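Here's the letter readout for the chains.
Protein chains: 2
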Amino acid sequence: MAKVKVHVFLKNGVLDVQGKAVEGALKGLGWNVENARVGKLIEFDFDGADPAGEAKKMCETLLANTVIESYRIEVA
Amino acid sequence: MAKVKVHVFLKNGVLDVQGKAVEGALKGLGWNVENARVGKLIEFDFDGADPAGEAKKMCETLLANTVIESYRIEVA
Chain A
1 MAKVKVHVFL KNGVLDVQGK AVEGALKGLG WNVENARVGK LIEFDFDGAD PAGEAKKMCE
61 TLLANTVIES YRIEVA
Chain B
1 MAKVKVHVFL KNGVLDVQGK AVEGALKGLG WNVENARVGK LIEFDFDGAD PAGEAKKMCE
61 TLLANTVIES YRIEVA
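Chains as they are written, first to last, in UniProt numbering: chain A, 1 to 76; chain B, 1 to 76.
Don't take every hint at face value.
[Stated by the list, open to error] Taking lysine-lysine pairs in the DSS-like style, the calculated list, with each CA pair at most 27 Å apart, reads:
#: 1; chain 1: A; residue 1: 27; chain 2: B; residue 2: 20
#: 2; chain 1: A; residue 1: 40; chain 2: B; residue 2: 5
#: 3; chain 1: A; residue 1: 56; chain 2: B; residue 2: 56
#: 4; chain 1: B; residue 1: 57; chain 2: A; residue 2: 20
#: 5; chain 1: A; residue 1: 57; chain 2: B; residue 2: 20
#: 6; chain 1: A; residue 1: 57; chain 2: A; residue 2: 20
#: 7; chain 1: A; residue 1: 56; chain 2: B; residue 2: 20
#: 8; chain 1: B; residue 1: 57; chain 2: A; residue 2: 57
#: 9; chain 1: A; residue 1: 40; chain 2: A; residue 2: 3
#: 10; chain 1: A; residue 1: 3; chain 2: A; residue 2: 56
#: 11; chain 1: A; residue 1: 27; chain 2: B; residue 2: 27
#: 12; chain 1: A; residue 1: 20; chain 2: B; residue 2: 27
#: 13; chain 1: A; residue 1: 11; chain 2: A; residue 2: 57
These are calculated hints, taken from the structure and not from any lab test.
Since the structure is predicted, the reported quantities are computational estimates derived from the model, not experimental observations.
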C-alpha cells in the first residue's frame, strides 16, 4: 500500500482567481504577500504495482484538467 | 522574500465529500484506492520577518476554517 500525494495547480500564465483573492485579502489584512497561488492536494492510499505510473494515468484521465492544470506526484 | 506553502485539509472525522467523490471515481475506473482526501495548497511569497509565525496567523484569521480544518506550514 503506497501513500500517494498529487498536487494539482493551474499552469503559469493561467489566471488564478482564487490565488488573487487570497493575495488581496492577505494584503488587506496588512501582510506583504506576492504571487499567491491556490492548488489542490489529493492524497490517497494506492494498492497495486507502479504507484507513480498509475498516479500519472489518474491525473491524465481524471484528477487534472491538463489543458489548464499541471500536476506533481509524490509517492511515499 | 520567503516562499511559504500552506496545506489546508479537513480534520480527521470530518466527512470529506470531495475525497469520497475522487475515491469513487478512481475505483470506478478500476484503481484500488483508499482513504482519498482532497485539500488545498496555498503558495505565496512573503516579505517580512518570521514567515512561519505570520503564516500561522494568516491561517488562523483567513486561510483555514479551524473549526473543521487543520493546516501545515512549510517555509522554504
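Q | Hint consistency between residue 57(B) and residue 57(A) [alpha-carbon to alpha-carbon, up to 27 Å] | A | violated (38 Å)
(Q) Next pair to validate is residue 56(A) with residue 56(B); report whether the Cα-Cα distance is within 27 Å. (A) Distance ~33 Å between residue 56(A) and residue 56(B) Cα, so the pair is violated.
(Q) Just to be careful, I want the Cα atoms of residue 3(A) and residue 56(A) compared with a cutoff of 27 Å; is the pair within it? (A) Measuring from Cα to Cα gives roughly 14 Å; hence the hint holds.
Q | Satisfaction of hint between residue 20(A) and residue 57(A), Cα-Cα up to 27 Å | A | violated (30 Å)
Q) Are the Cα atoms of residue 11(A) and residue 57(A) separated by 27 Å or less? A) holds (19 Å)
Q.
Would the hint linking residue 57(A) and residue 20(B) be met if the CA-CA limit is 27 Å?
A. Roughly 19 Å separates the two Cα atoms, so the pair holds.
Q) Quick one, are residue 56(A) and residue 20(B) close enough, alpha carbons at most 27 Å? A) holds (20 Å)
(Q) For residue 40(A) and residue 5(B), compute the direct alpha-carbon distance and say whether it is at most 27 Å. (A) Status holds; Cα separation ~12 Å.
Q. CA of residue 20(A) to CA of residue 27(B), is that 27 Å or under?
A. Cα-Cα ~34 Å, so violated.
Q | Satisfaction of hint between residue 20(B) and residue 27(A), Cα-Cα up to 27 Å | A | violated (34 Å)
Q: For the pair supplied as a hint, residue 57(B) and residue 20(A), confirm whether the alpha-carbon distance does not exceed 27 Å.
A: This hinted pair holds, its Cα atoms lying about 19 Å apart.
Q. Does residue 27(A) pair with residue 27(B) here, judged by a C-alpha cut-off of 27 Å?
A. violated (42 Å)
In this structure, the earlier hints numbered 1, 3, 6, 8, 11, 12 are contradicted, and the remaining ones agree with it.
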